[in-house]
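Participant: Please construct the entire structure, taking both the sequences and the accompanying hints into account.
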Amino acid sequence: MTNDINILSNIKEYKQQISVAKKNQSMLALGSGNIETDQCILKNVSFVPELSNNLISVNAITENGGKVVFTRNKVEIIKNENVVLEGNKNKQGLYVVNLRNNTYDNNNVPMYTSQVVRLTGTTSGLPDTDSCNQNKKVRNKEKINDLMDLWHKKLGHLNNMSVKRLSKMSTGMPSDILKCENTFCTICIEAKHTRYPFNTVRERGSKPLHIIHSDVCGLIQPTTHDGRSYFRTCIDDYTHFCKVYLLKTKSEANQYIKEYINEAEAYFNLKAHKIRCDNGGEYVSTNLKQWCKIKGIVMDYSIPSTPQLNGTAERMNRTLLNKARAMIFDSNLTKEIWGEAVLTAAYLLNRSPFATVDKTPAEKWYGKMPDLSRLQVFGSVGYSKILGQLKKLDRRSKKMIFVGYALNGYRMWDGEKRRINISRDVIFEKKNLIITQNPVDRQNVKNEDIETENEEQEEEETTHENRQEQEDLSQRQEEDEQRYDLRPRINIKGPSKYCLENDCRNQTMLTFSECMMNEDKQEWITAINKEIESLKINNTWTIVNNKQTPGKEILSSRWLFKIKDDGTYKARLVVRGCQQKGELDFKDTFSPVVDGSTLRVLFAIAAKENLQIQTFDVKTAFLYGEIEEEIYMKIPEGFEEEGKICKLNKALYGLKQAPSKWNKKLTSFLKENGLMQLKTDQCIFKNENGSLYLAIHVDDGIIMAKELQEIQNLLKKLKENFEMTSNENLNSYLGMEINRSNKGIHVTQTKYANQVLKKCNMTNCKEVTTPIVSEEKTDEATLIVQDNTNFPYREAIESLLYLTNKTRPDMAYAVNYESRSMEVVPSKKDIQNVKRTLRYLKGTKSLGIFFSSEDNNGEIVVEAYCDSDYAGDVKDRKSTSGYVLMFGGSPVLWSSRKQQIIALSTAEAEYISAAECCKEIKYIKTLITELTGKPTKITLNVDNQSAIKLIKSGQMNRKSKHIDVRYHFVSEQHHEGMFDIKYCCSDDQLADVFTKPLSSIKFRKFKDTLLKEAIEIK
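Counting in UniProt numbering, the sequence shown runs from 1 upward without gaps.
Treat the hints as calculated values from the structure; they're not laboratory data.
It cannot be assumed that every hint is accurate.
Said to hold, decoys possible - Below are the PhoX-like pairs computed for lysine-lysine, each with C-alpha atoms no more than 25 Å apart in a straight line:
id	residue 1	residue 2
1	Lys-647	Lys-664
2	Lys-828	Lys-766
3	Lys-293	Lys-417
4	Lys-719	Lys-665
5	Lys-766	Lys-716
6	Lys-644	Lys-562
7	Lys-996	Lys-743
8	Lys-842	Lys-1007
9	Lys-530	Lys-258
10	Lys-619	Lys-530
11	Lys-258	Lys-248
12	Lys-656	Lys-530
13	Lys-289	Lys-243
14	Lys-79	Lys-43
15	Lys-335	Lys-398
16	Lys-295	Lys-335
17	Lys-258	Lys-364
18	Lys-164	Lys-192
19	Lys-644	Lys-547
20	Lys-845	Lys-996
21	Lys-154	Lys-359
22	Lys-564	Lys-719
23	Lys-248	Lys-12
24	Lys-664	Lys-619
25	Lys-845	Lys-1005
26	Lys-271	Lys-289
27	Lys-243	Lys-179
28	Lys-536	Lys-562
29	Lys-898	Lys-878
30	Lys-12	Lys-179
31	Lys-934	Lys-949
32	Lys-671	Lys-716
33	Lys-706	Lys-656
34	Lys-243	Lys-154
35	Lys-766	Lys-671
36	Lys-295	Lys-271
37	Lys-154	Lys-12
38	Lys-898	Lys-829
Model, not experiment: these values are computed from the prediction.
Facilitator: Right, dumping it as structure tokens:
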């Protein structure tokens, strides 16, 4: 029995007289419940308010299978051979047991209290509580507590004290909320658990717009459904009113802060005085500074690496994300909905009390008390009215999910079409049920799942170059001190495969529905209709009844949208080939693409023979490929017909066999028109007399011929069979910029280099003279792992590989060395190395390959250079092979690659490198012979006499007999006359740049041999 109701749980109320320890004495019990301790649960404990001491019955313990052991000064209560309770004898000679049970404080945090219970020899005489009538107070109490829980969720998991305060500061809330007890919410603990705040004294705003706090939060992954990765907050210090803008990139930030200030100034008829922010690049831009200067606004920057001085904005970011996480966890929605959750969190915070503000921010901003009667629980199911013309038997509403508030309605998530609908006519389910859609496993959520930048991250880059020409270090230090500490701003994913072409890089993330709601709607409609018209002209499908295809897999499709470099809006319909089944829906899928080295050989030939060049692009190329398989597809979105589907006649984009079918179609056409396909590269064709060459890369082609009329004749035949466009002015092909003069052809990738720098937030970086530091390499195992960086390490390397393999051999070794860490978490040193290569790219982005028009007396000469860096990798002691083939003084093929085995000597490493180079020599010689029909003279330059001797003799000795037979290929080819070999000194070994870091002077010498600036050839 107990006199303290606070230690009881599962209380059942009744009234009954029960006997106590004193003889013939009874007291009134008002109910019973359980006491939960650390060791056990005491059931059916009577609540007797008049009781002077808590009592526990020895008889009740023994009757329930326990036993009580008394000693001189101690008592133990034992159950199942375990001591569950124990106590001591007090001064009065009575045995007292200490109970340690759970209660909760005002903040819903579990706490422990101790209760003293005296032992008595009588039973407690507990009644049969199942037969007792429960009091209405208990049920009312439970209902009131449920009310608190509901409004706690409606207000985005606002704390209980603020919920009660808010009921006095707003309308639309029930008055019973003040009677509610504090509830304990595990969701809040999981989402909001944080450290104690950093306290500081700061200036406060005396009126609206006097001080505006602002910050950008991001990069956040995953992106929202419409591609947003950041959000910007603007907080008025006086009212504490917060406005949030969702951003795709940080470059949009300045636009929105200007919009915020202009709107707020017009609303209050006041002028903004000060913007308090950090030193992020979006705030230190010249454009924003100049705009603020004109308007008389002071930019109050916080000290670098001290985010606490911009504490209001930093805390607001944290608070918004806390509320957003809580609402996402509670609703079981996918994490891509975080943008709507953040907007809703800001809406609710503006209508919630703050400790430093006597009214809600919304009331101080708008001048009236907020009405909360329209609030709903985030993630609730609602039925939104379908607007527009409906048939008599059509549904009038659609089931959606509530995710936020609009000016005069609700923001509803349409999961089927993956878009936000704004509707004022919504009927919510009475129970506010939260649906489960790809629920979030909160136990496995990592910090990076909704990841933001580390505001205090410092970028450390050290460069140690073995230069003979020293830079002015004092000047560099002075410049560094004046520079702001720019944080990483953008983490846009680069090409997932470095060989992707430029046509894919302006892909937008818009869906069909979003395009129909976009401000460019009319342009997108025109592009869609153009695509559909092309599909109809090509007889891509036949409309059939769905019932005619029993048991057949019906593929779905989707629209892809992009804005091309020239501003053209393009829509493309693709079928979801991932739904195809092998052998049933497709067989052969292989389709070749033109090799980069082949293209460079063609450019070299075109420059020397002064060939005419034109490019062409086949529209909807895949649609010309005919399919034999029986494949069905749903009618495209926007053109649906009930009960109808498409039977495909042509290889629509997305089908696994589409590239192969198109390649076979084009190859067949070209052969029928007198062109021969090369054996060395199946994407190259030439006419019988060798006066015309054609290269094809999927649907992009390039034609080279001695006479322009030959090109026009071929293009005429092509246009008669395929819809296509041609370009007489040669300026680009496959993402490469092409400039032609009477001196030759210059091929660069300046535009793509700028895109790479922008992706990696390196557009304003300081330039360096070499792509990799000339120093002793450091073992990565000893470096600190950078496990939470916002630098796009993998994407940067993939983009650099694309550049390196196309037009930038000077960066081959640096990028190859850096790519060795792609499969592991990059260290600080790894990131510094990649950033250095990007800094080098910044200063050399206009470099390219120049194919000279100077003719070498009609003779075709190729100079090959190969070299190795013996045991250059300090981690596994493997050597690095490097080689380059120069055709007419221009690089057409190169490589930098770590050898697969550990060489036992310098000669062996050079021998292996020569063997690798020999394979490419044979390919290039065969290719040039096929193209021109002329003999090709190739000389291999090696700087190791032992390796040269081994190649020439082919004889093995005790130092070389272990070398794998595959590498003896080089000796065999030399004996057969494939190439000549000669010694060159190390200072002239061009392949040296592909094997190791070099000093500035030596690197510049080789770089100038490989590449030329555009200005040098004009």
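Participant: Each hint: holds or not?
Facilitator: Verification of the hints:
no.: 1; hint: Lys-647 with Lys-664; result: 22 Å, holds
no.: 2; hint: Lys-828 with Lys-766; result: 19 Å, holds
no.: 3; hint: Lys-293 with Lys-417; result: 45 Å, violated
no.: 4; hint: Lys-719 with Lys-665; result: 14 Å, holds
no.: 5; hint: Lys-766 with Lys-716; result: 50 Å, violated
no.: 6; hint: Lys-644 with Lys-562; result: 29 Å, violated
no.: 7; hint: Lys-996 with Lys-743; result: 33 Å, violated
no.: 8; hint: Lys-842 with Lys-1007; result: 15 Å, holds
no.: 9; hint: Lys-530 with Lys-258; result: 38 Å, violated
no.: 10; hint: Lys-619 with Lys-530; result: 11 Å, holds
no.: 11; hint: Lys-258 with Lys-248; result: 17 Å, holds
no.: 12; hint: Lys-656 with Lys-530; result: 24 Å, holds
no.: 13; hint: Lys-289 with Lys-243; result: 21 Å, holds
no.: 14; hint: Lys-79 with Lys-43; result: 14 Å, holds
no.: 15; hint: Lys-335 with Lys-398; result: 23 Å, holds
no.: 16; hint: Lys-295 with Lys-335; result: 40 Å, violated
no.: 17; hint: Lys-258 with Lys-364; result: 22 Å, holds
no.: 18; hint: Lys-164 with Lys-192; result: 20 Å, holds
no.: 19; hint: Lys-644 with Lys-547; result: 9 Å, holds
no.: 20; hint: Lys-845 with Lys-996; result: 22 Å, holds
no.: 21; hint: Lys-154 with Lys-359; result: 20 Å, holds
no.: 22; hint: Lys-564 with Lys-719; result: 23 Å, holds
no.: 23; hint: Lys-248 with Lys-12; result: 57 Å, violated
no.: 24; hint: Lys-664 with Lys-619; result: 17 Å, holds
no.: 25; hint: Lys-845 with Lys-1005; result: 18 Å, holds
no.: 26; hint: Lys-271 with Lys-289; result: 17 Å, holds
no.: 27; hint: Lys-243 with Lys-179; result: 33 Å, violated
no.: 28; hint: Lys-536 with Lys-562; result: 21 Å, holds
no.: 29; hint: Lys-898 with Lys-878; result: 7 Å, holds
no.: 30; hint: Lys-12 with Lys-179; result: 20 Å, holds
no.: 31; hint: Lys-934 with Lys-949; result: 30 Å, violated
no.: 32; hint: Lys-671 with Lys-716; result: 16 Å, holds
no.: 33; hint: Lys-706 with Lys-656; result: 38 Å, violated
no.: 34; hint: Lys-243 with Lys-154; result: 20 Å, holds
no.: 35; hint: Lys-766 with Lys-671; result: 53 Å, violated
no.: 36; hint: Lys-295 with Lys-271; result: 9 Å, holds
no.: 37; hint: Lys-154 with Lys-12; result: 31 Å, violated
no.: 38; hint: Lys-898 with Lys-829; result: 20 Å, holds
Hint check: violations occur at hints 3, 5, 6, 7, 9, 16, 23, 27, 31, 33, 35 and 37; the rest are consistent with the structure.
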